[in-house]
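Peer 1: In case you want the letters, here they are:
Number of protein chains: 2
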Amino acid sequence: MVPAVSADCSSTSFTPLVVLELASDTKQEAIAWLLSRIRDPHQNGGIELLVEQLGLGDGGSEKENPNLFLVGAKWQRLLSGAEEVGLFKEFSDGSMRGFTCANKHNFKHFEGDGDSFLSMAECQYIIKHELDTLRAKDETHVPGHPQAKLYPGKSIIRRLLSKGVLIQVFPLHEKEELKRLSYSWYQKIKLSFQPLDDIRRYYGEGQALYFGFLEYFTFALVPMALIGVPYYLFDWENYDKYVVFAVFNLVWCTVILELWKRFSTSLAYSWGTLSRKKAFEEPRPGFHGVLGFNPVTGREEPLYSNTKRQLCVYLVSLPFVLLCLYLSLYVMMIYFLMEGWALSVHDEEPTFWTRVLLFIPSIIYAVVIEIMNLVYRYAAEFLTEWENHRLESSYQNQLILKVLVFNFFNCFASLFYIAFAMQDMALLRQSLATLLITSQILNQIMEAFLPYWLQRRRNKKMMRKVQKRKAVAEAELPLAEQVRLEADMSTYLGTFDDYLELFLLFGYVSLFSCVYPLAAVLVVLNNITEVYSDAFKMCRVFKRPFSEPAANIGVWQLAFEAMSVIAVVTNCSLIGMSPQVKAYFPESETQLILWTVAIEHGLLAFKFILSFIIPDVPKHIQIKLSRLEFESLEALKKKWILYLVWAGPPLPTGQSRKLHGGPPCARGPAQRASAAVRSSPRTPR
Amino acid sequence: MVPAVSADCSSTSFTPLVVLELASDTKQEAIAWLLSRIRDPHQNGGIELLVEQLGLGDGGSEKENPNLFLVGAKWQRLLSGAEEVGLFKEFSDGSMRGFTCANKHNFKHFEGDGDSFLSMAECQYIIKHELDTLRAKDETHVPGHPQAKLYPGKSIIRRLLSKGVLIQVFPLHEKEELKRLSYSWYQKIKLSFQPLDDIRRYYGEGQALYFGFLEYFTFALVPMALIGVPYYLFDWENYDKYVVFAVFNLVWCTVILELWKRFSTSLAYSWGTLSRKKAFEEPRPGFHGVLGFNPVTGREEPLYSNTKRQLCVYLVSLPFVLLCLYLSLYVMMIYFLMEGWALSVHDEEPTFWTRVLLFIPSIIYAVVIEIMNLVYRYAAEFLTEWENHRLESSYQNQLILKVLVFNFFNCFASLFYIAFAMQDMALLRQSLATLLITSQILNQIMEAFLPYWLQRRRNKKMMRKVQKRKAVAEAELPLAEQVRLEADMSTYLGTFDDYLELFLLFGYVSLFSCVYPLAAVLVVLNNITEVYSDAFKMCRVFKRPFSEPAANIGVWQLAFEAMSVIAVVTNCSLIGMSPQVKAYFPESETQLILWTVAIEHGLLAFKFILSFIIPDVPKHIQIKLSRLEFESLEALKKKWILYLVWAGPPLPTGQSRKLHGGPPCARGPAQRASAAVRSSPRTPR
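Protein chains in written order, with numbering that gives the first Met the number 0: chain Z, 0 to 684; chain D, 0 to 684.
Hint data in this document are derived by calculation from the structure and do not stem from the laboratory. It cannot be assumed that every hint is accurate.
For chains that are exact copies, the list does not tell them apart, and a pair is met inside one copy or across any two.
[Stated by the list, open to error] Pairs of lysine-lysine, DSS-like flavour, derived with a Cα cap of 30 Å:
(1) K153 / K618
(2) K260 / K307
(3) K187 / K276
(4) K107 / K460
(5) K107 / K178
(6) K277 / K260
(7) K618 / K178
(8) K307 / K618
(9) K542 / K174
(10) K536 / K136
(11) K187 / K26
(12) K73 / K277
(13) K88 / K277
(14) K88 / K178
(15) K103 / K88
(16) K136 / K277
(17) K136 / K260
(18) K307 / K536
(19) K103 / K276
(20) K277 / K618
(21) K276 / K260
Whole structure, please, built from the sequences with the hints as guidance.
Peer 2: Shown next, in the form of structure tokens:
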């Protein structure tokens, strides 16, 4: 039933693209059923992919999971899949268009059979899409696994995943390509931009946009860092001279976000994700409910009451978040107690050690903040999972909202309190510096070194095992070992944590860097190491992720913009509190506050007007998009006129010929098509 | 050449829909050319409409313009036109879908030939669209009119309009329908909603949305008016007790705008304009430039440098607007001088007459404001015309922006000054009342009675003429006379002024009604008369306008939302200034201001969050829209699968058959279509 396992995997007749790992206790009948469903032609409800079991390798130990399957496809199948998923590719005239098989020879880089037309990441994305759309026919459960219930139209892969029969689905790395990419990305020490196009080709648009944003953000910080250094060097004690810096901050954070929108649109256009339509979103794997009929699709699928979910959100999640915020406030108060105690010790008998002691509370607080963020993160994931969102996108939005609010509060509450309630700029500077440096160090350790170290240990174990078995020193691992090695690698969990880190750094810089101008310098340095460590992680530590088509950074753009609004308010308040400005209003504090508020309102209004005036899409891309739209409108019209011209002999339904050459409305689609066929040889193209 | 003029127009073989009025000195060859272009079949570049000259009537005087033409079309032509313009109609399952001739029998109310399927307004819209797309072929100018230059692809109607050869294009009224509509709309005295669906059927979606908004706005004001009356009656002198009212105001203006969005979406969905795609926008008739190639369409057409236009906007229009604002400020200062003088006269020797005198400056100022608004309006139109915008939409946006800024400033500057600089609530109340009442009275006179009176005079003259000629007292005018009468009616210039008036009223209510609670009552009364006078105007005073498909109130939604943000700020400040609130902070004014600002920021943030949380599209419509989208995606997929199943015998290009039943990518569109034809008889539907 299951095809014979070929010991040497180089004998597979196709390029393996994606690996399916089934649990080792999966029943043979379930495997046979799944493989035949994957291989079945379309008319039988299959998806026509190629699939083979991976060999155990020479003398494979019985501890290894034998149920690893390699999935691939013929080139023609991939091309038609590319049309189905709505892939955009470069056309011969340089514009980006939706790929169609009928038109394939008019696309750039389409040569011969087109077997090098799609990148491997695109092929893997197509395979994943096809696997996701493999649906149950009339099976009531997975053969041999009665607990894995099915109903007509249910995605089989999602059910297998949610029941733990399918452990993971992941795309394979390309060793040559990866070597080339990692060389140009992080191994070559040079001053140049990141190879965004190569990153996109290997990891997809979502990843490339993150690295593009990271790079953009770093470059945007450079002027700030350059201004910050002399400020820090020559005005260290005059921290009240920060008005100029605050004004700069204010303009800066508005402008860079607007420009990023334009830059990201350019990237998305050149990668063909800008005009791409979103596919219909399936329920996420963990979603459960009572079987019913979906009002949109009319299919039988689990339904879950929206009211029930809203109740969960407002009666459980919201109070929980508020409780966490209260807890965070409580911890902050303990920090201030410690701070006060350290200060009193220092004041009693100032020595070098008491000066060091002054920094200790901040450092402890910074570590506690990181730990609280981490713990809260898990709680938020659990809660959001429990809210049982139907779509992955709404799950993500709810999770991001929860995490953002808490992290913002947790990281910045103490700074706001010091700045506005205590109005102690010296403490603010010290606290900011300690928080920033501590959290950066912790992050780098948690994010890069720890996973790398774990991975190294795993790799070494694997290498030893292989060498023991083979007893020859081979540079290249055989495919089977490579697949097993990759299956053991950590899974990359998406760009969420990376963006969150950038968001908090953006907050530190835009909110308070006027009191501690070195913040921008620190963040620039952190970002540079972040580029390298993230690149390293992606290439060496993690399994290859499936590429995610993305046209922008999504909800993060909104988060950064919200932060920039808060930055305007904060910076205006800091300016209003500065001794320099206070000197202008010697008598009346009321006047000062009123002016500050008025200017702040003016700036906010100006910010909104600016975001209206600056178009999100650069002119030249706007023209290209309008041209495509215009062409498709014209094509529709032409089709219609052509149809009128070649309408052919009168039809039995007499009334439709009343008008000379008029549109034969009464015809069905079949006649319409036949008219089109008759006309096509004579049509001037 | 020109077809014989039939004296009695009842002999036209088609229902006349649209009238073209050419200048009386138009050359005969131009007329003959235009008519033949309109009548020509599609393959010759014509638009296949029916057109006939209107008779002069019995004993028509030589003073009358003979060049009036009636345009109509066969039913099949209109149906195919409906498909071309992308009209949405109700489908048999109750959803709204784009009309297609192939599918016509599945639409609701499609009976027999479908000759009552389209409303007259829809037919007229289709005719107008067809006329607009009538393009020059290789003519270099209009025959007989060498000054009216043409180039291939130029819209003929637009050129004729801009050169004054074509005086006007307007749709005809339906007398029966109009009688029925006007009865249910304004003649029947009753407490009921306006017949929005009938209005939409007769005047189109743009008009109906305006009346819908007017009605919605009036109802939304009712609770405010109900609260306002007891406030006014029992607290007249305690105008400092307005905190509750200000808070109510604040919540009210946010909520009603959010709810309106949902309501208008429901309306637009039920009228089929919500999902309708915008057609490609042609240059506006008055646009001029140097002939060049449009980068979007590739057509030869006039181009005008964007930089040049930007320079015009920023170097001429902007300074002009600022100058006007300065002038308005100057007039305001004169008003305050007058006010001060009147007050001093009253204080010297208070009598009844000096008390009346106190109101005189406000009344004069209100009249001056209205005059300035009117004059500025013309200036703004002239300037925007001179800026030479390519698209009607950008012309409209620029004009609305200019007019809104000035009107807002002109109407509210004095009130803001009184409220915040003078902090004189008694004067604010008096000034607000006078401004509001005077401007309402002036508006009603200018808008309804004046045009009505002019129209009556014209009507009477016409009736006399007709009766003189016919010498019989006929109740019904013959078609020819009716057309001439309508051609003489005033042209309705769109909803701009109506929305502007509502915008200013919304401003009066939301900004300051807490100090003068009767404002809401006055606005409700004004709106009720406005409904009747607007309805009357539309039915009796103006030519029928072409229907404008609209999915929302467009840029006005933005304007009202901006006003509601300003209202939050204003109301918070008014609350902060109230003696009641001041009593809570007896010592420190600074504390009071800081609290006010903090609460105001919180409210603004809450407002933005609210506008995110409340979905713009009601759930049940969201489901219907998703269903349509899902169905179209499924249809595409099905087409593709069907195509795979019935792919037929192997093709010469061998490589495309490598895959069993795979998609034959190598085939051209012709074979593809032929496969579809072969499959169609066997396809289960």
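Peer 1: Failing hints, ascending?
Peer 2: 3, 4, 7, 10, 11, 17 and 18
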